[in-house]
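**Q** Below, each chain spelled out in residue letters.
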Amino acid sequence: MSTHEQRMSTVKGKQTSSKKKGLNLLSALRRDRSLYLLALPGVLFFLVFKYIPMWGIIIAFQDYSPFRGIQGSEWVGLQHFTALFGNPDFALLFRNTLAISMLNLILFFPFPILISLGLNELRSVAYKRLIQTIIYMPHFLSWVIIAGLTLLLFAKGTGLINELFTLWGWPRVDILTNPDSFWIMVTLQAMWKEAGWGTIVFLAAMASVDTQLYEAARMDGAGRLRQIWHITLPAIRSVIIVLLILRLGDIMEVGFEQIFLMYNGAVSEVAEVFDTYVYRTGIEQGDFSYSTAVGLFKSVIGLVLVVVANRVVKRMGQEGVY
Amino acid sequence: MQKVGKRNTRNLAWIILVVMVMSVVLSACGNKEEGQVSGNSGNADDPLEVSIMTITPSAVPAADDNVIKRAIEEATNSKMNIQWVSNNIYGDKLNLTLASGDIPDLIMINDPFGSTFTKMVKQGAFWDITPYIKDYTNLSGGIPDIAWDTTKAADGNNYGIPRPRPVTGDSFFIIRKDWLDRLNLQVPETTDELFNVMEAFVEQDPDGNGTKDTTALAAYISPDDLGWGGNLGPVLGAIENSFIGTNSSWKWDESQGKLVYRELLPEVKESLQYLTKAYSSGMMPEDLLSLKLTQARELFKRNQAGIIVDKTGTMRKIYADDLKKVDPSFKYTDFYPLTNLNGYNPKGSGYNGILAIPASVPEEKMKRILQLVDTWMNPEVFEIQQFGIEGTHYEVVDGKKVASSEKLTADNASDFNHIVNVIDLPWDTTGETDEETQANELFKKVEAERDKTSVADLAAGLQSETGQKVLPELNKKIQDLKAKIILGREPIEAWDAFVETLRNDPNFQAMSDEMTEAYKKRNGQ
Numbered sequence: 000m001s002t003h004e005q006r007m008s009t010v011k012g013k014q015t016s017s018k019k020k021g022l023n024l025l026s027a028l029r030r031d032r033s034l035y036l037l038a039l040p041g042v043l044f045f046l047v048f049k050y051i052p053m054w055g056i057i058i059a060f061q062d063y064s065p066f067r068g069i070q071g072s073e074w075v076g077l078q079h080f081t082a083l084f085g086n087p088d089f090a091l092l093f094r095n096t097l098a099i100s101m102l103n104l105i106l107f108f109p110f111p112i113l114i115s116l117g118l119n120e121l122r123s124v125a126y127k128r129l130i131q132t133i134i135y136m137p138h139f140l141s142w143v144i145i146a147g148l149t150l151l152l153f154a155k156g157t158g159l160i161n162e163l164f165t166l167w168g169w170p171r172v173d174i175l176t177n178p179d180s181f182w183i184m185v186t187l188q189a190m191w192k193e194a195g196w197g198t199i200v201f202l203a204a205m206a207s208v209d210t211q212l213y214e215a216a217r218m219d220g221a222g223r224l225r226q227i228w229h230i231t232l233p234a235i236r237s238v239i240i241v242l243l244i245l246r247l248g249d250i251m252e253v254g255f256e257q258i259f260l261m262y263n264g265a266v267s268e269v270a271e272v273f274d275t276y277v278y279r280t281g282i283e284q285g286d287f288s289y290s291t292a293v294g295l296f297k298s299v300i301g302l303v304l305v306v307v308a309n310r311v312v313k314r315m316g317q318e319g320v321y
Numbered sequence: 000m001q002k003v004g005k006r007n008t009r010n011l012a013w014i015i016l017v018v019m020v021m022s023v024v025l026s027a028c029g030n031k032e033e034g035q036v037s038g039n040s041g042n043a044d045d046p047l048e049v050s051i052m053t054i055t056p057s058a059v060p061a062a063d064d065n066v067i068k069r070a071i072e073e074a075t076n077s078k079m080n081i082q083w084v085s086n087n088i089y090g091d092k093l094n095l096t097l098a099s100g101d102i103p104d105l106i107m108i109n110d111p112f113g114s115t116f117t118k119m120v121k122q123g124a125f126w127d128i129t130p131y132i133k134d135y136t137n138l139s140g141g142i143p144d145i146a147w148d149t150t151k152a153a154d155g156n157n158y159g160i161p162r163p164r165p166v167t168g169d170s171f172f173i174i175r176k177d178w179l180d181r182l183n184l185q186v187p188e189t190t191d192e193l194f195n196v197m198e199a200f201v202e203q204d205p206d207g208n209g210t211k212d213t214t215a216l217a218a219y220i221s222p223d224d225l226g227w228g229g230n231l232g233p234v235l236g237a238i239e240n241s242f243i244g245t246n247s248s249w250k251w252d253e254s255q256g257k258l259v260y261r262e263l264l265p266e267v268k269e270s271l272q273y274l275t276k277a278y279s280s281g282m283m284p285e286d287l288l289s290l291k292l293t294q295a296r297e298l299f300k301r302n303q304a305g306i307i308v309d310k311t312g313t314m315r316k317i318y319a320d321d322l323k324k325v326d327p328s329f330k331y332t333d334f335y336p337l338t339n340l341n342g343y344n345p346k347g348s349g350y351n352g353i354l355a356i357p358a359s360v361p362e363e364k365m366k367r368i369l370q371l372v373d374t375w376m377n378p379e380v381f382e383i384q385q386f387g388i389e390g391t392h393y394e395v396v397d398g399k400k401v402a403s404s405e406k407l408t409a410d411n412a413s414d415f416n417h418i419v420n421v422i423d424l425p426w427d428t429t430g431e432t433d434e435e436t437q438a439n440e441l442f443k444k445v446e447a448e449r450d451k452t453s454v455a456d457l458a459a460g461l462q463s464e465t466g467q468k469v470l471p472e473l474n475k476k477i478q479d480l481k482a483k484i485i486l487g488r489e490p491i492e493a494w495d496a497f498v499e500t501l502r503n504d505p506n507f508q509a510m511s512d513e514m515t516e517a518y519k520k521r522n523g524q
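So the sequences go chain by chain: A and B.
Take the first sequence: its position 130, counted from the start at 1, is 129 in numbering that gives the first Met the number 0, and no numbers get skipped.
Take the second sequence: its position 443, counted from the start at 1, is 442 in numbering that gives the first Met the number 0, and no numbers get skipped.
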C-alpha cells in the first residue's frame with residue numbers, strides 16, 4: 000500500500016515538474032499504438048483474472064459467509080493466521096511442502112538442462128526432433144491419466160511391474176503406499192511428465208549461440224566437454240538464473256493435482272501439503288476464510304523468496320527477472 | 000513492402016479490439032437475459048420456472064429435452080432447469096455453489112448437518128418450511144415422520160424437504176451364493192463365520208477356474224467416506240458396525256448415562272485386529288487404499304471378489320448384468336443379501352439428503368415450488384419416471400404396466416428419483432423375467448427379516464457445535480491411522496495410544512457432552 004502511494008506521489012511530482020514528459024508518453028503511446036493494442040488482451044487478462052479477483056483476499060481477515068457476502072461478513076483480524084500457526088499440523092505441512100519442493104529444485108530443475116545439453120550435441124537433426132517430440136508428449140497428458148498409469152504399473156497387488164517381479168522371483172515392492180519413498184516418487188513422476196517440456200527454453204537459448212564461437216574453440220583444441228563448459232553453459236546462464244528465481248517463487252506450490260491424486264491414507268503424514276490442506280478446509284469443509292488465509296501465507300512466502308533471490312542475483316552482477 | 004505490413008498489423012489490432020468489445024457486450028446481454036428468467040415467478044397459471052441442482056448416478060445425465068422430463072413438466076405445469084451433478088463430486092460442487100451465493104431455487108443438500116449448510120441456515124439463507132408442510136398432503140403424509148424428524152435443524156425446524164428412502168434395505172453385505180454352494184459353505188451369520196467364508200473364497204478357488212485368483216471382499220478406503228462407518232466407508236465400515244452393533248458414531252452407555260464416541264469402544268479395536276488379519280491373508284484387494292468405490296465394484300463385476308456391501312436395488316443396474324457376461328452361470332438369486340451379522344443389520348435413516356429453497360426466492364414462488372414437489376408425488380405423476388411413457392417405455396399387459404428397464408435406463412428415468420421419490424408404493428416383485436422375479440422375491444423376504452432386528456442410528460440429526468469444528472480433522476486422522484494399522488504399517492498399540500489421547504482431549508470431551516445433552520433433550524430427559 001505504502002509503496003503504491005509512494006509511486007503515485009513520485010509520478011505526480013514528475014508530472015508537475017515537467018509537462019514535457021507527459022507529452023512524450025502520449026506521443027509514445029500514439030507512435031506505438033498498434034503494439035499497445037496487441038498487448039491489450041494480455042493486460043486485460045491479467046486485470047480481469049488476476050488483479051480484480053485479488054481483492055477477495057480480504058476474506059482471509061473475515062469470518063466470511065457466502066450468504067452475507069464480503070460487505071456483510073464479520074472482521075476477525077488475524078485470527079485465521081494465528082489458528083494456522085497454532086495448528087499442530089502446521090509444522091508437518093511446512094516440512095512436506097518444503098521437502099517436495101526442494102527435491103524438485105535439486106533433482107528436477109537441473110534435469111532439463113542436462114537433457115538439452117545432450118540434445119544440443121546431437122548431429123542428426125531428424126533424430127533430435129524425434130527425441131524432442133517423444134519427451135514433450137507426457138506434458139500433454141493430464142495428471143489424472145498419469146496417476147492412473149502409475150497405479151496400473153506400480154500397484155502392489157495387480158501392478159505390471161510387480162507382476163514382472165513375481166515372475167522373475169523378486170519380492171514385490173510397495174511404491175504407492177510407502178511413506179519412505181513418497182517424496183522421491185512424486186519428484187520422479189513430475190520429472191517424467193515435465194522434464195521434456197522444460198527443455199524448450201534452454202534449447203532455444205542454445206540455438207542462439209554464435210557458431211563461430213564453437214569453431215574458434217575447436218581451433219584452439221577444445222573438446223566437446225570444454226565447449227559445453229565454456230560456451231554453451233555461459234550462454235544460457237541468464238536463462239537458468241531467471242527460471243531459478245521464478246521457480247523459487249513457486250517453492251510453496253507443489254502441484255496440487257499430482258499430490259492429491261497420489262495421496263492415500265498410508266502416506267498422509269508425508270503427502271499432506273499446503274495445497275491439499277487448502278482444498279480440504281476450503282472446498283470440502285467450506286471454511287473459506289481459513290483456507291484463503293493459508294493460501295495468502297503461501298503466496299507471501301513465494302513473493303518474499305522471489306524478491307530476495309532477485310536481489311542476491313543482482314548483487315552478484317547478473318541480470319534478474321526485473 | 001513495409002507499409003503493407005504495418006497496415007496489416009493495424010487491421011489485426013482493430014479486429015482483436017472489436018472482437019473483444021463484442022464479446023464483453025454479448026456476455027453482458029446474456030447475463031441480463033438469465034437474470035430475467037430466474038426472476039420470473041410470474042402468473043399463477045404460467046408454468047413455474049424453477050432451477051434445480053441434484054445428484055445423478057448416470058455418466059450421461061438427462062438432457063433438457065428428455066422425454067420423461069418433458070412429461071413431468073407438463074403434468075406439474077413447470078419449466079425445470081436441472082443441473083445434474085455426478086455423485087462423486089457432489090459435496091465439493093455443493094460447497095462451491097453455496098459459496099458463490101448464486102443458489103438454485105431447489106437445491107439438494109446431501110448432508111443437512113454439514114458445516115456450510117448449517118452455518119447458512121443459522122444466518123437465514125434458507126426458507127424454514129415447517130409452517131407450510133401441513134398445507135401439502137403428499138409432503139406431510141407421503142414422507143415418513145422419521146425423515147422429517149431426523150432432518151430437523153438444531154432449532155427444531157425443517158429447512159428442506161427430505162428425500163425419503165425406505166428404512167429397510169439399507170446397504171449391507173451381499174454374497175455370491177453360487178460360490179458358497181460350490182464350496183459347500185453356509186450363509187455366514189457372525190463375523191467369525193464371515194472370516195471363514197472369506198478365507199475359503201481366497202484359498203479354495205470359488206470360481207472354479209483352477210487358479211487361486213480371487214479375493215473375498217471388494218473393499219476400499221477412500222477420503223470420500225470420512226465420517227461414515229467409523230471412517231472406513233461402506234464396506235469395511237459394515238464389518239466394524241457388525242462388531243459394535245450399530246452404524247452410529249455414538250453409542251448410549253447406560254451405566255455412565257451418556258453417549259460414548261464409537262472409536263473409544265473396545266469393539267473397534269477387535270474389528271481392527273480382524274481386518275488386519277483379513278488384509279494380510281489376502282481377503283481384500285492389496286491396493287485398497289488406491290481404489291475408489293467404482294473400482295471396488297469392478298472387482299465384484301469381474302468375478303474377482305465374492306462379497307460386497309450395497310443395496311439390493313443395485314443388483315441389475317450396477318452388478319448382475321455385467322457379471323453375467325463374465326460368468327454366464329451366475330443367476331440373479333446368487334446375489335444373496337445377508338440378513339444379519341452378529342445379530343445386527345442397519346436401519347436406514349429414512350432419508351437421503353434434503354431439498355432446500357434459498358431465502359432469496361420470494362414467498363409466492365417458494366410455495367409454488369412446494370406445490371410442485373407435492374404434485375410430483377401424486378401417483379399419476381410419479382408413475383412417469385417409474386414406467387415411462389406408454390408405447391415407448393411400457394406396454395399394458397393384462398391390465399398391468401410392464402416396463403422395459405433397458406429403455407427406461409436409456410432415458411435416465413430413475414435419475415428423477417434424485418429430485419422426487421415416493422417410497423410407500425407396494426413393492427412389486429414382478430421382473431422382466433422369472434429369474435428377476437425370483438430374485439426380487441428373495442430380496443423382499445430378506446428385507447422383511449432384516450426389519451425385525453435392524454438398528455437405527457440413535458444420533459442421527461443430533462448436532463454439536465464443537466463437533467462441527469473438530470470432526471473433519473479428527474475423522475481424517477482416524478481414517479489414516481486405521482488404514483495404516485490394517486496395512487500392517489502401524490501396530491495395534493498405536494490405536495490404544497490414539498484412543499487414550501482422544502479421551503483426554505478437551506475439545507473431544509466438550510463434543511461428547513454437547514452430543515449427550517442434545518440426545519437427552521430430544522428424548523425429553
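Read the hints as simulated data drawn from the structure, not as lab findings.
Ideal Cβ placement from N, Cα and C applies to all residues, glycine included.
Be aware that one or more of the hints could be misleading.
To be verified - In silico SDA-like links for lysine to any residue, alpha-carbon gap of 20 Å or less:
id, chain 1, residue 1, chain 2, residue 2
1, A, 313, A, 236
2, B, 475, B, 303
3, A, 155, B, 278
4, B, 118, A, 156
5, B, 475, A, 93
6, B, 330, B, 180
7, B, 476, A, 74
8, B, 476, A, 85
9, B, 476, B, 431
10, B, 406, B, 180
11, B, 291, A, 150
12, B, 250, B, 88
13, B, 291, A, 236
14, B, 78, B, 50
15, B, 121, A, 72
16, B, 476, A, 178
17, B, 268, B, 495
18, B, 211, A, 156
19, A, 155, B, 303
20, B, 400, B, 361
Stated by the list, open to error - Examples of chain A residues lying across from chain B (beta carbon under 10 Å, computed):
id, residue
21, 156
22, 159
23, 162
24, 266
25, 280
26, 283
**Q** Check each numbered hint from earlier against the structure, then list the numbers of those it violates in ascending order.
**A** 2, 4, 7, 9, 10, 12, 13, 20, 22, 23
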